[in-house]
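Asks: Below are the chains, spelled out letter by letter.
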Amino acid sequence: MSGTKRSNAWRLVWIGAAALFILHQDFWFWNDRSLVLGFLPAGLAYHAAYSIAAALLWLAAVKFAWPSHIEQWADAGASDSRTKRGGRS
Amino acid sequence: MSLTLAVGDLTPLLVIVAYLALLIVLGLVSARFFRGTAADYFVVSRSVGSFLMLMSIFGTTMTGFALVGSTGKAYSTGIGVYGLMASWSGLIHSACFFLIGIRLWAVGKRHGYLTQCEYFRERFNSPALGYILFPILVALVIPYLLVGVIGAGKAIQPITSGTFPDLFPVLRPDGTPNPALHGGVPPWLGMGVICFIVLFYVLFGGLRGAVWANTFQTLVFMITGVVAFYMIASKLGGLTAASEAVAAHERAATRLAREGMIGRAQFFTYCFIPLSVGMFPHLFQHWLTAKSAKAFRLTVVAHPVCIAIVWLPCIMIGVWAAAALNPPAADANTVLGRMVATFVHQPWLSGLLGAGILAAIMSSLDSQFMCIGTMFTRDVVLRITGPDRFTDGQKVWIGRGFIFGIVVLSYLLALVLQTGTHVFDLGVWCFSGFASLFPLVFAAVYWKRATKAGAIAGVLVTAVVWIIMFTLDMIAKADRPPGQDDETLVFGAVMPVTVIFLASAAALIVVSLLTPPPSRATLDKFFDPAESN
Chain A
3 MSGTKRSNAW RLVWIGAAAL FILHQDFWFW NDRSLVLGFL PAGLAYHAAY SIAAALLWLA
63 AVKFAWPSHI EQWADAGASD SRTKRGGRS
Chain B
292 MSLTLAVGDL TPLLVIVAYL ALLIVLGLVS ARFFRGTAAD YFVVSRSVGS FLMLMSIFGT
352 TMTGFALVGS TGKAYSTGIG VYGLMASWSG LIHSACFFLI GIRLWAVGKR HGYLTQCEYF
412 RERFNSPALG YILFPILVAL VIPYLLVGVI GAGKAIQPIT SGTFPDLFPV LRPDGTPNPA
472 LHGGVPPWLG MGVICFIVLF YVLFGGLRGA VWANTFQTLV FMITGVVAFY MIASKLGGLT
532 AASEAVAAHE RAATRLAREG MIGRAQFFTY CFIPLSVGMF PHLFQHWLTA KSAKAFRLTV
592 VAHPVCIAIV WLPCIMIGVW AAAALNPPAA DANTVLGRMV ATFVHQPWLS GLLGAGILAA
652 IMSSLDSQFM CIGTMFTRDV VLRITGPDRF TDGQKVWIGR GFIFGIVVLS YLLALVLQTG
712 THVFDLGVWC FSGFASLFPL VFAAVYWKRA TKAGAIAGVL VTAVVWIIMF TLDMIAKADR
772 PPGQDDETLV FGAVMPVTVI FLASAAALIV VSLLTPPPSR ATLDKFFDPA ESN
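Sequences listed follow chains A and B, in order. Following the working numbering, the numbering of the first sequence begins with 3 at its first residue and continues without gaps. Following the working numbering, the numbering of the second sequence begins with 292 at its first residue and continues without gaps.
No lab work stands behind these hints: they were computed from the structure. All residues carry an ideal CB built from backbone N, CA and C; glycine is no exception. Mixed in with the good hints there might be a few duds.
[Claimed, not checked] Computed beta-carbon distance windows for the label pairs:
1. A:A21 / B:I600: 33 to 39 Å
2. B:F324 / A:W30: 51 to 57 Å
3. B:P460 / A:W30: 29 to 35 Å
4. A:W30 / B:T328: 30 to 36 Å
5. A:Q27 / B:T302: 23 to 29 Å
6. B:R463 / A:L58: 51 to 57 Å
7. B:A322 / A:V38: 20 to 26 Å
8. B:P807 / A:N10: 34 to 40 Å
9. A:K7 / B:H636: 58 to 64 Å
10. A:Q27 / B:H540: 45 to 51 Å
[As the list claims (entries may be wrong)] With a Cα cut of at most 27 Å, we get these calculated DSS-like pairs of lysine-lysine:
11. B:K582 / A:K65
12. B:K526 / A:K7
13. A:K7 / B:K739
[Said to hold, decoys possible] In silico contact screen, one side only, chain A against chain B (beta carbon under 8 Å); selected entries:
14. A11
15. A21
16. H71
17. I72
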């Protein structure tokens with residue numbers, strides 16, 4: 003993925019994370035005692051769905067905003083650094 | 292003369308013993324894979340793949356609270372506990388793994404770090420920072436670790452109650468047996484066995500033993516919650532009947548919403564607590580075990596779902612208990628056990644529940660013992676003697692020696708502190724301390740302008756503000772019995788971690804901006820040039 007595409011994906015992930023951060027404060031279900039599907043309290047159902055949404059957000063982050071360069075950076079300096087540090091690893 | 296001891300139903304105890312025996316076997320098998328090097332003992336030769344990574348990190352972040360405490364909290368304060376602790380954690384833990392964990396894995400691999408102090412010392416080019424940080428990290432891990440040891444001891448006793456009435460009697464002041472604890476394995480013995488088992492597989496298998504054991508234990512406690520949920524729901528007449536009974540119950544119905552149960556500011560400011568995973572030393576060590584950055588992917592994505600799988604059933608059981616338990620539970624931590632005992636009547640499920648609780652506790656304990664042993668070896672012994680003073684094999688034995696010492700010390704402290712202290716409340720304060728150090732790790736990874744003086748200021752301010760707020764809290768609850776609710780943990784409607792975190796971040800930013808920036812060489816060493824493209 004090109005740098006620009008990854009940078010745009012990063013922005014979208016950040017916007018998604020910020021949206022989820024705000025949506026956590028679900029004051030609209032604060033005093034709602036109704037049961038979704040007949041057994042799940044509305045506020046709990048909302049936060050269960052929130053957990054799934056968080057997983058989807060991170061799935062998008064992993065797919066579209068993955069820092070692929072970091073692996074090469076880690077591997078590139080590994081042998082040099084260990085030599086300099088007296089073989090410690 | 293023959294001596295006959297009365298013995299009750301052994302099934303729960305045998306299930307727990309079988310589970311602990313499996314852990315011993317795992318420890319022995321993992322030891323056969325040991326390559327004899329320090330890197331293999333302390334970070335599994337950086338070879339852990341996606342699934343083991345997910346299970347070991349998830350198991351490490353979940354404690355016994357995930358099963359017992361979540362049910363008890365839902366029983367007393369309702370469904371809001373899920374949003375407070377589980378859904379915040381789903382979002383923020385994964386953010387920490389993605390934003391912090393992968394970067395620290397990379398820098399750890401590139402420069403060969405094994406402990407946080409090694410990293411921060413070189414990142415900020417400051418031995419002083421290492422010396423300040425080390426005692427703070429150790430002081431925050433040990434109470435967290437004690438919560439696990441004491442919790443394990445206290446969990447085993449009620450689950451095995453009635454098994455050995457002659458050997459371990461527990462009587463009320465009037466001389467009659469206390470049915471909840473009478474004949475159960477006492478905490479001193481339970482804690483001792485748990486410490487021994489964890490010591491065994493960590494001592495022989497190193498972090499590989501902990502990773503393997505964590506994977507097994509995580510599966511056990513995930514399955515336990517789901518099985519208990521299914522069986523209790525069935526006995527209550529199904530999901531709908533169980534929840535409708537709560538809605539129809541005047542007192543219990545309040546648990547279906549959050550009004551009057553949790554403050555809105557508290558609900559929001561709890562977001563700071565999950566940031567603690569960014570600074571847990573034991574999690575830092577787990578991150579370093581990854582075979583590649585890609586090994587983090589499954590953890591980042593699946594962690595929120597795993598949290599939901601464990602927490603949702605327990606929250607529902609706690610809410611149902613508010614209407615189903617009669618008489619009401621005096622101690623919220625007994626709710627899960629009582630629901631199983633009252634509605635399921637299956638000794639094997641009680642045993643599985645016990646194994647599940649121990650699994651959740653031990654999957655954190657092993658990593659904590661391991662990380663403290665590693666820190667003492669690397670940040671104290673090798674720092675004093677120099678990195679080349681000992682051979683690789685000798686470093687492993689030094690690490691084992693420290694792990695042994697820490698386990699023994701933890702057991703002795705747990706014996707002394709198991710009654711009459713607010714050790715469980717102390718757990719929340721440990722999380723607050725780690726979370727308040729989050730600005731340090733975030734700045735280290737992302738902010739090139741962060742300086743040595745700024746980092747030291749941030750750590751010192753965290754320590755000072757933490758001590759002040761902790762002292763205020765302890766004074767406020769001095770006359771209250773241990774383990775009572777944590778209302779005093781809220782300062783002016785917000786969690787105290789909010790104040791400590793903001794003070795820490797402000798000190799780090801202001802002092803960094805007032806002092807000269809770090810050298811080009813330091814920045815080149817720790818930042819990937821591709822990042823600035």
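Asks: Going through the numbered hints above, which ones does this structure break? Give me the numbers in ascending order.
Replies: Numbers 1, 3, 4, 5, 7, 10, 12, 14, 15 - these are the hints that the structure violates, sorted from lowest upward.
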